[in-house]
Amino acid sequence: MNDTANADLALAAARFDDTGAQLFIDISTLLEDHWTGIPMVAAGLADALDSVFGDKLAYFCGTDLISPRALRDARARKSGVFLNRDIATGDARLEPIPPPTPGRARVALFPSVKTLRHGFDIEALVVHDVSTLVTPQFHIHGNVAHHMDAIIGDIASSDLVCAVSAATRADLIAYFGIDPARVIVVPNGVSTPAHIKIAADSLAPDGKVEPYIVILGTREPRKNVSLVFDMLARFPDMLRTHRYVFVGRLGWLEEHHMLPKALQPHQAAGRIVFTGFVTESQKYTLLHHAAASLYPSLFEGFGLPVLESLAAGTPCVASFSSSIPEVSGGPACLFDPLSTTDLQRAIGEILRRRQVMGAAAIRDACLAQAAPFTWPAAATRILNALTPLAAGWNSGKKRKARGVVRSTHLRDAPRPR
Amino acid sequence: MPVSLEELRAWSDAPAFILSCPGPVSRYHAAIVPLAQLALTQSLLGWDAQMLGFIAASDPGLRARMFFAPMPEMFDSPESLFGAWRAVGQPAHRAGQIVHLRFGGARAARVLKNARNGVVMADDERRAIFGKTRHPFADGRTLPAAVNRVFVYERDKGRGEIIRFGGLPAPVTMLPDAALTADLALPATADDAFEAVALGAYQPGPWTAGPPAGISRLAKDAGMRTLLLPWNLADPVSCVPDLLLRLYALRNASVPRFRAILLPFNYPGPLGLIRAILRRVKNDAPNAAHVLEDALIARLRGKRGLAALQRLNPVAWVDGHDPEANYTARRLTAANIPVLLIGPDAAEAASTRKRPAPATLACDARIWVETPSLFGTLAVDTPMLSANAISAGIDQSVQLARAQRQAREAV
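Sequence order for the protein chains is Z and X. The letter at position 196 of the first sequence is residue 196 when you use this note's numbering, and the numbering goes up by one with no holes. The letter at position 144 of the second sequence is residue 144 when you use this note's numbering, and the numbering goes up by one with no holes.
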């Protein structure tokens, strides 16, 4: 699958190159110290595009170009600590973004919230979810403001909107009324370096570990970890057969997802474990050796932890909410994220499947489900959508109006019938 | 007259009607539940009451096809809906066939994707609210692109029209008057109650947990005048917190003695506003201890709760600038609770409404309200009552309460 994906990407890049356009990518999300979620998406796309464009790919932050060497260093470290420092000191800053050149479209890809609008000839925006709009009760005010302040202007100023799932695309159309032709689906990818896989395998070469179930993700209300607590409180026998390992840092609105008192003795006995933040390598290892993973989220734009579980060869018991069924496919077992009994049923079913089909067959099915989700595949979709836009711009074809998303002032609103 | 399927015109072929309104999902044990499993904590005012009124007024054929979804926005794929229908013991209905009716106002409008979406509205935001952010739904006048307004409660013609993203017209039908009080005519149930607790004894835990036990404390002094202050928690710039402080600032003047009962509605959600008013009373009120002990905070479920409230012979002061003011005033009036509407000019109100307008307390002061919300910090310059106007309002309330008592005794 990877060879095919890489070949497709090379072809898409060649077609894009033929238009004479230059591709720029916004790296502002990569300034974070710890990369999870959106920074990983930005890094994945940058890796894939770098592999085909090399030095033709330009990186920018704000209005300045950033040194490709500094970016490659940050991607190798999977951290923005040094990148942040070098941009602040000026060491990683190059010249300002070049001005327009006739016949050579400047095409920008924004992996998240835009730091600059109308700075390029063609702009593409990746929208990860609209959870801050649709489920603001699960977020702190700062999160809501960060995403919602910008979203109308960001979408309106973009020629192409890339939704990470069909569910997110449908949300954008349903809530903002975006022209469907302007929104494409670009699923996230997942990639695990070979050395991490080898290291994980070497920890238990015979595959024998004490059985445990992983719950992966930052603990925040939307992730609905409290449902797992409720289930374990209601069916404590489940803790006798499997440990429950919660992987991820503590997020916000903690009161909604703290371990209830009734379960604290099980934590003391080691049957419930909280790991806190883990590295990519530790995360893969934990997923790889787990009997199953749980993902009870109430709302997702994509559901990266589900894909990470499948890519580690581990089946996922996943909420049937929003985009998750798109990602999880057949090897997953879906459940109602408001129902502890349905969650218990789904866990039972996935463990039975393991017994009936055998661990190896389950693992193969999970890997096959995850295989199409690669960063080269994601980059290919974006390039295939951008190429006709770039060609049209270069040939001087009149562009469509960008501001498809608009709200009408009250005085202009038509009278209801 | 029951709500007819005819009102829903082209949608009447739907095999299922999913109703939804804002609220905590943790009270429910499935993504779609039968109406019998509705778990609402307050039912006199706000979107809970609007939904219950709509259900009660619906004809049996429509009601039999109704379900409740605590979080309709979670549904996207067929797998989601199939799973939910299986849990509720229903044959699977495809999203394209079903109708989703949303209660809860413009700011909380949500979409069940691929279904036919309608918003049932009682709110009508007319104020110029200043937002420090540009949240697309902060102004309370913009709806998601995929919804139609199928019913509105009462809306002054030509004013405050709410539009969808994209600016397309949204079909609108007035909800029959029967839906205003139909639920109050239903038989009382065991957990119907009027629950009140001193403001200083408010605890968010019991308030969010559901129908409470053990926090009842009705106003003891039967002879004391009761001012009911309905408080829309979904209206972040409500004047009610300021009004409460001003009311109690008058307690030492020569005004009749009264007890204020705050009746928050449209919760849970921004329950933090109740904590905020507690902080303000403690920090700003010169007689804070007295206010915390004397003012009550209440909620009400069903017919028995309403009867208990009516026995206190209250007069409700309704914030006329609240987007749901019209509905609130009509609902309270229909429940035989006299209403004084704070704010809107009486002549204007009379000229734009078909029905007789409630008595009005004219505002003669202004305050600047600034508050954090889910849409960022919102601020509004809002009319308010001066001390003199409040004093006159209390006198007016005494007369209204007396007239109400006499009318009740005559019956």
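Simulated from the structure, these hints should not be mistaken for laboratory data. Errors might be hidden in some of the hints.
Said to hold, decoys possible - Computed list of lysine to aspartate or glutamate pairs in DMTMM-like fashion (alpha-carbon distance at most 20 Å, straight line): (1) X:Lys-132 <-> Z:Asp-121; (2) X:Lys-132 <-> Z:Asp-154; (3) Z:Lys-56 <-> Z:Glu-32; (4) Z:Lys-197 <-> Z:Asp-3; (5) Z:Lys-208 <-> Z:Asp-73.
Unchecked claim - Sample of chain Z residues lacking proximity to chain X, with all beta carbon distances greater than 12 Å (derived): (6) Thr-4; (7) Gly-37; (8) Ala-58; (9) Arg-85; (10) Arg-104; (11) Phe-138; (12) Met-148; (13) Gly-153; (14) Ala-170; (15) Ile-178; (16) His-195; (17) Pro-221; (18) Lys-261; (19) Leu-263; (20) Arg-352.
Source: prediction; values computed, not measured. Backbone N, C-alpha and C define an ideal beta-carbon position, used for all residues, glycine too.
Do the hints match the structure? See the list:
1. With a CA separation close to 30 Å, the supplied pair Lys-132 (chain X) and Asp-121 (chain Z) exceeds the 20 Å bound.
2. For the hint linking Lys-132 (chain X) to Asp-154 (chain Z), the alpha-carbon distance of about 18 Å falls within 20 Å, and the restraint holds.
3. At most 20 Å may separate the alpha-carbon atoms for a hinted pair to count; Lys-56 (chain Z) and Glu-32 (chain Z) exceed this at roughly 25 Å.
4. The straight-line distance between the Cα atoms of Lys-197 (chain Z) and Asp-3 (chain Z) is roughly 19 Å, inside the 20 Å bound, and the hint therefore holds.
5. With a C-alpha separation of about 37 Å, the suggested pair Lys-208 (chain Z) and Asp-73 (chain Z) falls outside the 20 Å cut-off, and the hint is violated.
6. The claim that Thr-4 (chain Z) lies off the interface holds: its Cβ sits roughly 26 Å from the closest Cβ of chain X, which is beyond the 12 Å cut-off.
7. At roughly 20 Å from the closest C-beta of chain X, the C-beta of Gly-37 (chain Z) stays outside 12 Å, upholding its exclusion from the interface.
8. Against the 12 Å criterion, Ala-58 (chain Z) stays outside the reach of chain X, whose nearest CB is about 30 Å from its own CB.
9. The Cβ of Arg-85 (chain Z) sits about 30 Å from the closest Cβ of chain X, beyond the 12 Å cut-off, so the non-interface label holds.
10. Non-interface call for Arg-104 (chain Z) relative to chain X: holds, since the shortest CB-CB distance, roughly 34 Å, exceeds 12 Å.
11. Taking the minimum C-beta to C-beta distance to chain X, about 10 Å, the non-interface status of Phe-138 (chain Z) is violated against the 12 Å cut.
12. A beta-carbon of chain X comes within 12 Å of the beta-carbon of Met-148 (chain Z); the shortest separation is about 4 Å.
13. At the 12 Å boundary, the C-beta of Gly-153 (chain Z) falls inside the reach of chain X, the nearest C-beta of that chain being 8 Å off.
14. The Cβ of Ala-170 (chain Z) does not lie farther than 12 Å from every Cβ of chain X; its closest approach is about 5 Å, which violates its non-interface assignment.
15. At roughly 8 Å, the least C-beta separation between Ile-178 (chain Z) and chain X is not larger than 12 Å, which violates its mark as non-interface.
16. Every beta carbon of chain X lies more than 12 Å from that of His-195 (chain Z), the smallest distance being close to 36 Å; the non-interface claim holds.
17. Non-interface call for Pro-221 (chain Z) relative to chain X: violated, since the shortest CB-CB distance, roughly 10 Å, does not exceed 12 Å.
18. No Cβ of chain X comes within 12 Å of the Cβ of Lys-261 (chain Z); the nearest lies about 14 Å off, and the non-interface call holds.
19. At the 12 Å boundary, the C-beta of Leu-263 (chain Z) stays outside the reach of chain X, the nearest C-beta of that chain being 17 Å off.
20. Under the 12 Å C-beta cut-off, the non-interface status given to Arg-352 (chain Z) relative to chain X holds; the minimum distance is some 18 Å.
Hint violations for this structure: numbers 1, 3, 5, 11, 12, 13, 14, 15 and 17, all remaining hints satisfied.
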